[in-house]
Amino acid sequence: MKQLNLGSSMPMLWATALLATLLAGCASPPPEKSATEDQTVVATTPGSGAGTKGATGSGVTGNVAMQGNPLRDPHSVLSKRSVYFDFDSVVVKDEYKPMIEAHAKYLQTTRTAKLTIQGNCDDRGSREYNIALGQRRADTVKRMMQLYGATDAQIETVSFGNEKPKNSGHDEAAWAENRRDDLVYVGE
Amino acid sequence: MIRLLRPALLLLALALCLAGTARAQLTIDIIGGGATTLPIAIVPFAGEANYPYPLTEIVGADLARSGLFRLIDPVGVNPRPARAEDIRFADWTGRGADAVVVGSVTPQSDGRVEVRFFLLDAVKQTQLAAVSYVVTPAQFRATAHQIADVIYEKLTGDAGVFSTRIAYITKQGPRYELLVAEADGYNPQTIVNSNEPLLSPTWSPDGTRIAYVSLESKKPIIYVQSLATGQRQVLANFRGSNSAPAWAPDSSRLAVTLSRDGGSQIYLINADGSGVQRLMSSGAIDTEANFAPDGKSILFTSDRGGSPQIYRLTLATGVVERMTIEGSYNVSPRHLPDGKGFVFVRRDGGSFNVAIQDFATRQVQVLTQGTLDESPSVAPNGKLILYASESGGRGILAAVSSDGRVKQRLTAAAIDVREPAWGPLRK
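Sequence lines, in order, name chains Z and R.
Note that this note's numbering numbers the first sequence so that position 147 is 147, with each residue one more than the last.
Note that this note's numbering numbers the second sequence so that position 62 is 62, with each residue one more than the last.
In case anyone wonders, no lab produced these hints; they're calculated from the structure.
There may be inaccurate statements among the hints.
A few chain R residues facing chain Z, derived, Cβ under 10 Å [stated by the list, open to error]:
#1 ASN78
#2 GLU196
#3 PRO197
#4 VAL213
#5 SER243
#6 GLY262
#7 THR287
#8 SER297
#9 PRO308
#10 VAL331
#11 SER332
#12 ARG418
These stretches of chain Z come out as covered by chain R in the derived footprint (C-beta under 8 Å, 3 or more residues) [what the hints assert, rightly or not]:
#13 70-83
#14 99-112
#15 135-143
Positions of the beta carbon are idealized from the N, C-alpha and C atoms, including for glycine.
Isolated chain Z, as found in the complex (with noise of 0.2 Å):
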């Protein structure tokens, strides 16, 4: 039987980023790691915090890694990259309104940017079930950002299911945490 390694995924990591440097003609360094590995976070209180993605190793693509970008600015409300669910919930709470409301804004003057939305769960249950959940809790924030003004094509919804778990605890604390959207700009 032969095997499949996919441990050597930062190759193509690699190839993919040296690709879109070429592209867009700049000379900046493939990035170091993927940004949606930094789990730096800050100030995430269960349910009310949104956690903060350093963005680090950026640069690829060229809108989003500019200067001064507003992704980046600790005190932009862009920077609040998190939307915490109620148990078995898809209802976006108001805290998060303004937030979801700052990135469509985003996206609107930025036809350039494009946005993924990554559905969690908690994890308990059927792990494929959870699939469609967090799915669900992906495309509600999707919905709710196009009615802001971002399109359709800007945004792509997928889901991880209750298979990356931010918080690895199996208390109400920890699940609370896990039942998120997170929002990383393409290139991020």
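Start from chain Z and add chain R according to the hints.
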């Protein structure tokens, strides 16, 4: 400029084809046995001690693990019979054995060996089976499983599944692996490993391929991988999430869940990724399709009624019926191979358990007692259900007989094991 990338991609392709390595093996413990166990004496085969694999030990372990047999020690019977005609039935009925297995291992001139065995009913004093295999010593384990299959089938009336294989996913630290092992947990081979989650492995009914979901590209994408060559291809990588692969009985196409047109919906897709066709349009979640053995209907999970329940779609008519009635969370349906019922996962209070439901009577029996039992997979003879469970904060596999009596635990030291998938009968 793009040409420059080719060596890098070539290297990647080479890395993708690394040879398989043996991994931590599953250990199977039997927790409960059947209501009645059949006493059987398996006499070590004449000449088997000349080979490194203890052939009759493997046969005996297979039968004992099923929970349906009790092994009778042949110590004290001298000389040991190797042919049917050498057996003195009183030696065995006197020890309480209802059945006796004898045999021999004889080298051939070409380096292969002939393994010959006889199965006899000690009470009726009749021969039930006599089979001869000419194999290489490397095939001894496989031969032992085949012998156990013959014995199981002759004595229980059901097909044996000792020659089948199982697939499962392990997680060790940040590392995910998809493995294939013999049904007794031996000889695990890694067929994919990744730093991102792998889930939902499922065997093509012809046993040549496994479809699975990988998050290696930061989204769920379905792959189909050949077991013989290790080559894999993308089955579904559409915008959004691609998950829940389920093979049609003829292995030519699959049902999958895609979100490309909004929401999680079920589609049919050819095994080469072509010919995508949407099956239903609901505003709800539809996922976890599973084909009936005759290919005429699918079971699936949907929350169209407000909570996740199991429904059946008849493909020819498009008629959808709700199958599960009680409870607020019934998911992960898998047909029994005889088409008469299905297993699924239900939540009752805070615990998730595997249950079985009969199509005709709608009667439900809860088979497991864990708190987080999930991902059931039915053995191809319908007699055992393999599922994922949790013990001491760690993922383990467990198996339960379809009558709930026989229970097994399959564990690997210090590794999370999950997402079991029982392979088809070997042709």
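Consistency of the hints with the structure:
Violation of the interface hint for R:ASN78 is found here, the shortest Cβ-Cβ separation to chain Z being roughly 43 Å, above the 10 Å cut-off. Annotation: R:GLU196 was flagged as interfacial toward chain Z, and the flag holds, the nearest CB pair being 8 Å apart, inside 10 Å. Hint status for R:PRO197 relative to chain Z: holds, with the closest Cβ pair at about 4 Å, below 10 Å. Annotation: R:VAL213 was flagged as interfacial toward chain Z, and the flag holds, the nearest CB pair being 8 Å apart, inside 10 Å.
Because the smallest distance between the Cβ of R:SER243 and any Cβ of chain Z comes to about 5 Å, under 10 Å, the interface hint for this residue holds. Interface hint at R:GLY262: satisfied, since its Cβ lies 7 Å from the closest Cβ of chain Z, which is below the 10 Å cut-off. A least Cβ separation of about 5 Å between R:THR287 and chain Z falls short of the 10 Å threshold, and the interface hint therefore holds. A hinted interface residue such as R:SER297 counts as satisfied when its beta carbon comes closer than 10 Å to some beta carbon of chain Z; here the least separation is about 19 Å, so the hint is violated.
Checking R:PRO308 against chain Z by beta carbon gives a least distance of about 6 Å; that is within 10 Å, so the hint holds. For R:VAL331, the suggested interface contact is upheld, since its CB lies about 4 Å from the closest CB of chain Z, less than 10 Å. Hint on R:SER332 holds. Least Cβ distance to chain Z is approximately 5 Å, under the 10 Å limit. Hint status for R:ARG418: holds, given a least beta-carbon distance of 8 Å to chain Z, under 10 Å.
Check result for the segment 70-83 of chain Z against chain R: violated, 0 residues qualifying (beta carbon to beta carbon below 8 Å, three or more required). Counting residues of the segment 99-112 of chain Z whose beta-carbon sits less than 8 Å from any beta-carbon of chain R gives 0, not enough to reach three: the coverage restraint is violated. Three residues within the 8 Å Cβ limit are the bar, and the segment 135-143 of chain Z against chain R gives 3, so the coverage statement holds.
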